[in-house]
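Chemist: Here's the letter readout for the chains.
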Amino acid sequence: MNKTLQVRELETEFHTPRGVVRALHGVSFEVQDNEIVGIVGESGSGKSTVVRSITKLLMPPGKVSAGNVTFAGRSLLELPEREMRQIRGKDIGFIAQNPFSALNPVTRIEKQFANIAKAHGVKVDASERSRALQLLESTGVRDPERVMRGYAHELSGGMAQRVVIAMALYLNPQLVIADEPTTALDLTVQRQVLDTLRRLTVESGRSMLIVTHDLGVVAAYCNRVLVMYHGNIVEQGLVDDVFVRPQHPYTISLLNSVVRPEDETPYVPGSAEAPNTTEPETPDPSKVQLSEARRS
Amino acid sequence: MIRYIISRLLIAALLLCGLITLSFGLVSLLPGDPAVALLGEYATPADIARIHAELGLDLPFWERYLGYMSRTLSGDLGHSLFTGSSVSSEILTRLPNTLIYLVPGLALALIIGMASGTFAAYRYRRFADKAFTFWISILMAMPEFVLALLLLFVFYQQLRIAPAPIGMLSSAQITPPHVTGSIPLDAIIAGQWGTFSSILGRAVLPIVTMGLFFAAPFGKTVRSGLLQVLQSPQIEFARACGLRPAQVFRYALSDIRGSLMTYLVLLFAASLSGAAIVESVFSWPGVGGWSLDGVLKGDVPVIQGFVLIMGSTSLLGYVILDTLITLLDPRTRSKAVAVAGRRQRRLGATPAAIS
Numbered sequence: 000m001n002k003t004l005q006v007r008e009l010e011t012e013f014h015t016p017r018g019v020v021r022a023l024h025g026v027s028f029e030v031q032d033n034e035i036v037g038i039v040g041e042s043g044s045g046k047s048t049v050v051r052s053i054t055k056l057l058m059p060p061g062k063v064s065a066g067n068v069t070f071a072g073r074s075l076l077e078l079p080e081r082e083m084r085q086i087r088g089k090d091i092g093f094i095a096q097n098p099f100s101a102l103n104p105v106t107r108i109e110k111q112f113a114n115i116a117k118a119h120g121v122k123v124d125a126s127e128r129s130r131a132l133q134l135l136e137s138t139g140v141r142d143p144e145r146v147m148r149g150y151a152h153e154l155s156g157g158m159a160q161r162v163v164i165a166m167a168l169y170l171n172p173q174l175v176i177a178d179e180p181t182t183a184l185d186l187t188v189q190r191q192v193l194d195t196l197r198r199l200t201v202e203s204g205r206s207m208l209i210v211t212h213d214l215g216v217v218a219a220y221c222n223r224v225l226v227m228y229h230g231n232i233v234e235q236g237l238v239d240d241v242f243v244r245p246q247h248p249y250t251i252s253l254l255n256s257v258v259r260p261e262d263e264t265p266y267v268p269g270s271a272e273a274p275n276t277t278e279p280e281t282p283d284p285s286k287v288q289l290s291e292a293r294r295s
Numbered sequence: 000m001i002r003y004i005i006s007r008l009l010i011a012a013l014l015l016c017g018l019i020t021l022s023f024g025l026v027s028l029l030p031g032d033p034a035v036a037l038l039g040e041y042a043t044p045a046d047i048a049r050i051h052a053e054l055g056l057d058l059p060f061w062e063r064y065l066g067y068m069s070r071t072l073s074g075d076l077g078h079s080l081f082t083g084s085s086v087s088s089e090i091l092t093r094l095p096n097t098l099i100y101l102v103p104g105l106a107l108a109l110i111i112g113m114a115s116g117t118f119a120a121y122r123y124r125r126f127a128d129k130a131f132t133f134w135i136s137i138l139m140a141m142p143e144f145v146l147a148l149l150l151l152f153v154f155y156q157q158l159r160i161a162p163a164p165i166g167m168l169s170s171a172q173i174t175p176p177h178v179t180g181s182i183p184l185d186a187i188i189a190g191q192w193g194t195f196s197s198i199l200g201r202a203v204l205p206i207v208t209m210g211l212f213f214a215a216p217f218g219k220t221v222r223s224g225l226l227q228v229l230q231s232p233q234i235e236f237a238r239a240c241g242l243r244p245a246q247v248f249r250y251a252l253s254d255i256r257g258s259l260m261t262y263l264v265l266l267f268a269a270s271l272s273g274a275a276i277v278e279s280v281f282s283w284p285g286v287g288g289w290s291l292d293g294v295l296k297g298d299v300p301v302i303q304g305f306v307l308i309m310g311s312t313s314l315l316g317y318v319i320l321d322t323l324i325t326l327l328d329p330r331t332r333s334k335a336v337a338v339a340g341r342r343q344r345r346l347g348a349t350p351a352a353i354s
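Line by line, the protein sequences are chains D and F.
Counting from 1, position 94 in the first sequence corresponds to residue 93 in numbering that gives the first Met the number 0; the numbering is continuous, with no gaps.
Counting from 1, position 283 in the second sequence corresponds to residue 282 in numbering that gives the first Met the number 0; the numbering is continuous, with no gaps.
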């Protein structure tokens with residue numbers, strides 16, 4: 000199997016006035032052709048930083064300080080912004096968390112599709128427009144013609160997210176990166192959107208990297224999973240292996256944190272809040288233990 | 000949509016009545032008796048009573064109020080206590096003189112502020128941004144008369160490329176025949192292009208003063224607004240779609256254009272009152288210097304006239320602004336149209352579209 004994306008020893012830092020905060024401590028993983036890889040972990044564990052480092056969407060003060068990202072034979076971290084821009088949207092599609100804050104509120108959907116096409120040198124004509132319409136239809140948008148002519152605020156959350164998905168897939172990217180694509184949606188809509196995503200990615204020969212904190216999503220949709228904790232990948236492997244025989248204490252705790260009735264949940268010491276240089280007691284992931292006191 | 004605009008205008012008319020009431024109240028708020036101000040310390044009671052009768056100050060409150068209201072609404076703003084000239088005709092003559100440098104000045108501020116603010120945001124924390132922030136803080140700390148004097152020093156005294164600050168017309172120019180009373184307008188009507196271009200030439204320094212003075216706060220607003228928006232998920236998604244940097248900036252600007260327009264109207268209102276100082280420096284025969292004179296002398300009708308003209312100009316600005324903002328944003332536009340009676344069917348509102 001070929002590797003679509005290969006990430007090696009990725010390190011990302013945030014240069015704050017109070018010192019350098021290390022957000023990623025050498026993250027390595029890969030996404031192969033036709034597979035869905037999930038990244039799970041608690042808030043602040045570095046999931047979103049990983050995808051922003053890969054796509055170079057990190058805003059200052061964030062900075063990738065070391066590592067290697069290879070995508071389709073190209074080393075992304077060495078590419079100048081001009082070439083990186085051409086990869087974004089065309090070779091790597093990005094699906095945002097909240098469609099309403101991602102879509103431009105004052106521009107017609109139609110125009111937003113056209114802007115994406117123009118940005119990648121694709122001529123905007125009737126056939127391009129009908130391609131966008133078909134794409135909208137295949138993401139499950141009802142009455143795509145009307146949606147195309149309208150604005151984002153006229154849509155429901157699920158419909159808006161489908162529009163975002165259609166935009167991310169518009170220019171046929173090989174890899175789709177989805178940052179918590181269903182967090183902002185109703186539970187009932189989440190599944191429909193995820194089904195659509197799966198249908199339009201792996202089943203159409205693409206790969207997808209999906210960030211989520213929903214273990215159910217990972218179990219149902221992903222082939223492989225990366226478990227992140229404090230800027231490290233503490234465990235990765237096939238979903239079936241990791242979820243059935245978790246090796247790392249954090250994974251065990253994460254799996255145990257799925258709410259079951261009459262359970263007292265164990266937890267791992269240390270918090271994800273404010274990792275900083277002055278506080279060396281950030282737990283070493285290899286030595287994390289479940290807290291004895293509350294182990295059930 | 001037309002009904003929406005009419006409703007805005009009705010509110011503005013109400014506010015205008017409030018403004019007239021306020022300007023009427025000024026007379027009673029101001030310390031001292033206008034008759035005493037006019038006649039001096041040693042006026043006899045008989046003289047004072049005569050002036051009171053002349054000014055209508057002996058009438059009961061309501062009669063005075065209604066009389067003032069109806070006179071103002073019909074365009075009669077009274078006469079200056081000192082020169083006896085009609086306030087309305089003074090304003091009509093002088094307002095174009097003020098607008099001839101104020102509007103280009105603000106346009107200049109818009110262009111400079113927009114360009115430099117955008118550029119600084121684009122080069123955030125790099126050299127250009129730091130240079131911008133440095134110059135902005137210097138400009139912001141500088142009162143407009145200092146700026147005007149500095150410009151005069153450089154361009155008039157040192158480089159000798161700007162005309163002397165002695166008003167709008169030099170004595171060498173022929174005053175155009177009286178038609179409207181406003182010299183620039185009369186010059187256009189009479190076809191005296193030499194006179195008109197000389198006026199424009201003399202307006203350059205006031206325009207630059209206004210432009211630089213208001214470019215500073217405007218540019219700062221553009222920069223900080225853009226910086227905030229550039230961190231937003233909307234811009235991140237635009238970048239993630241690979242949009243060109245120029246396009247990304249257009250998206251960001253369209254997001255903050257409402258607040259920028261509001262700020263511009265605020266600056267316009269502020270610039271009207273700031274005009275007095277610039278006009279004093281350049282001996283410009285506009286409304287600013289004239290009203291400053293009126294304020295210093297306690298010339299009540301002049302002050303009232305200035306308050307009214309400033310207030311109603313700002314009111315007009317806000318009505319236009321409000322309408323523009325509402326109509327430019329599709330989110331409020333559909334609502335405004337719906338409020339105005341036309342029912343807009345929204346996609347999200349139909350039960351079938353939920354999911």
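Treat the hints with care, since some could be wrong.
[Unchecked claim] 20 Å max Cα-Cα, derived SDA-like pairs, lysine to any residue:
| # | chain 1 | residue 1 | chain 2 | residue 2 |
| --- | --- | --- | --- | --- |
| 1 | D | Lys110 | F | Leu326 |
| 2 | D | Lys55 | F | Gln230 |
| 3 | D | Lys55 | F | Leu326 |
| 4 | D | Lys62 | F | Leu226 |
| 5 | D | Lys110 | F | Tyr123 |
| 6 | D | Lys117 | F | Phe248 |
| 7 | D | Lys117 | F | Arg243 |
| 8 | D | Lys122 | F | Leu226 |
| 9 | D | Lys55 | F | Pro33 |
| 10 | D | Lys117 | F | Leu226 |
Simulated from the structure, these hints should not be mistaken for lab results.
Chemist: Is the hinted pair Lys62/D and Leu226/F satisfied, with a Cα-Cα distance of at most 20 Å?
Modeler: Between Lys62/D and Leu226/F the Cα gap is close to 18 Å, so the pair holds against 20 Å.
Chemist: Given the hinted pair Lys122/D and Leu226/F, is their Cα-Cα distance within 20 Å?
Modeler: 31 Å, violated
Chemist: Between Lys110/D and Leu326/F, does the CA-CA distance stay at or below 20 Å?
Modeler: 18 Å, holds
Chemist: Taken at face value, is the distance from the CA of Arg243/F to the CA of Lys117/D at most 20 Å?
Modeler: Measuring from Cα to Cα gives roughly 9 Å; hence the hint holds.
Chemist: Could you grab the alpha-carbon distance between Lys55/D and Leu326/F and see if it respects the 20 Å cut-off?
Modeler: Not satisfied, since the Cα-Cα distance of roughly 37 Å exceeds 20 Å.
Chemist: Compare the distance between the alpha carbons of Lys117/D and Phe248/F with 20 Å, and conclude whether the hinted pair is satisfied.
Modeler: 15 Å, holds
Chemist: With a cut-off of 20 Å on the C-alpha distance, tell me whether Lys55/D and Pro33/F pass.
Modeler: 71 Å, violated
Chemist: Lys110/D and Tyr123/F were given as a pair; does the straight-line alpha-carbon distance stay at or below 20 Å?
Modeler: 29 Å, violated
Chemist: Under the criterion that the straight-line Cα-Cα distance not exceed 20 Å, is the pair Lys55/D, Gln230/F satisfied?
Modeler: 14 Å, holds
Chemist: Please work out if Lys117/D and Leu226/F have their alpha carbons no farther apart than 20 Å.
Modeler: Violated - the C-alpha atoms of Leu226/F and Lys117/D are around 25 Å apart, more than 20 Å.
Hint compliance for this structure: hints 3, 5, 8, 9 and 10 are broken, all remaining hints hold.
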